[in-house]
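Letter by letter, the chains look like this.
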Amino acid sequence: MASADHHGPLSQFEIKTLLPIRLGEADISFTNSSLMMVIALVLIVLFLMLGVRRRALVPGRWQSIVELSYEFIVGLLRETVGADGRRYFPFVFTLFMFVLFGNMLGMIPYSFTFTSHIIVTFALAAVVFVGVTILGFVKHGFHFVTFFVPPGVSVALWPLLIPIEIISYLSRPISLSVRLFANMLAGHTLLKVFAGFVPALGAAGILPLAFVAALSGLELVIAFLQAYVFAILTCLYINDALHLH
Amino acid sequence: MPQLEQIDTYLSQVVWLVLTFGILYLVLWRSALPRISQILVTRQERIDGDLRKAAELKSEAETVLAAYEEATAKARAEAQAILRDSAERFAAEAAERNDALTAQLAEEAAAGEERIEAARVRAMADVESVAAELAGLAAERLTGTPADRAAAEIAVGQVMKERG
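Chains as they are written, first to last, in the working numbering: chain A, 1 to 245; chain B, 1 to 164.
Bear in mind the hints are in silico, worked out from the structure with no lab data behind them. A virtual CB, placed ideally from N, CA and C, is assigned to each residue, including glycine. Please note that a few of the clues may not be correct.
Only part of the chain B face toward chain A is listed, based on derived beta-carbon distances under 7 angstroms [claimed, not checked]:
(1) THR9
(2) TYR10
(3) ILE82
(4) SER86
(5) GLY157
Calculated from the model, a selection of chain A residues having no Cβ within reach of chain B, i.e. all distances over 12 angstroms [claimed, not checked]:
(6) PRO20
(7) PRO109
(8) SER116
(9) SER154
(10) VAL155
(11) LEU215
(12) LEU244
Let the hints inform the model, and build the full structure from the sequences given.
Here is the structure:
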């Protein structure tokens, strides 16, 4: 399926340049993906800032949602990392909100899902991976490499297990990024495919339409769930780096 | 698949991701999250303060209640002491008066008895003289001669002695 196919189920993932920007040889054009990122940024800031603008002692609905999201991530960090995870709260919260809004905005018809691009999810996962690895070495120095030695295992098994541990560690950014990317890709593609059946089937198109409606609900759940998974895995990685085994 | 085909857009995507994510991180870290945190802390402090105040008021009320109970207990004890004292005083007074009255009554009774004895003695004496006179008159009627007054008196005295 080529990107030239403008009506296929995958055409929704196409990057379209809105404002060409070149920096020397590098193309850093403002695209539909960039636009959605900026919209997500603006919406998140507005959502949080306007939600707490009155600083009400007894919160209204909006402020309650803001506080709820705040305490949700605080609780997530406390449960997975503990008290010393508090320092990484701004990062995890930003990550969660950014992915959540990226996923949710993608549910609006004719919009674009920037989290459905492997390069974006991989870049996010890479930030987490590199950050957590640096954190581990800063916290424990060279001792951090003992993380790859499974505790309570005889030395004879080390040559087998240490490579497995290292591979599993290195595959973290891949699994983290592919999970989000693939979920978004599959969900949106499926929606588009079934939506395509609606006009094709005429009166019987009510069936795929009903399916699309139901699937949209499921996709909204997945949009939240994947943001949650991304955040909780980040918390777990931070915990590993801080506390080793 | 555009995700794997449009490799020439990777740089742009990453640049814009870093830009937007970075700005978002800075704004949230520096401004939004401290603001939310402050609201939550303020609320928690307010709740704690209210709870503390409620506890203080409660202990104050308990102190007042204890003082009240102590005061009532004291007043009750005082009242009972007063009651007991007055009862004792009244009893003593009554006994004293009773004694005085009894003594007076006994005195008066003794005096009365004395008077009665005197009257009786006097009456007995009168009876003797009247009896002697009657005996004299009766003897005069029977004999026709005036009786001897002295002899009649002796005879009466003798009879009265015999009869007790």
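Okay, the hints, checked on the actual structure:
{"no.": "1", "hint": "THR9", "verdict": "holds (4 angstroms)"}
{"no.": "2", "hint": "TYR10", "verdict": "holds (5 angstroms)"}
{"no.": "3", "hint": "ILE82", "verdict": "violated (57 angstroms)"}
{"no.": "4", "hint": "SER86", "verdict": "violated (63 angstroms)"}
{"no.": "5", "hint": "GLY157", "verdict": "violated (129 angstroms)"}
{"no.": "6", "hint": "PRO20", "verdict": "violated (10 angstroms)"}
{"no.": "7", "hint": "PRO109", "verdict": "holds (18 angstroms)"}
{"no.": "8", "hint": "SER116", "verdict": "violated (7 angstroms)"}
{"no.": "9", "hint": "SER154", "verdict": "holds (44 angstroms)"}
{"no.": "10", "hint": "VAL155", "verdict": "holds (43 angstroms)"}
{"no.": "11", "hint": "LEU215", "verdict": "holds (20 angstroms)"}
{"no.": "12", "hint": "LEU244", "verdict": "holds (27 angstroms)"}
In this structure, the earlier hints numbered 3, 4, 5, 6 and 8 are contradicted, and the remaining ones agree with it.
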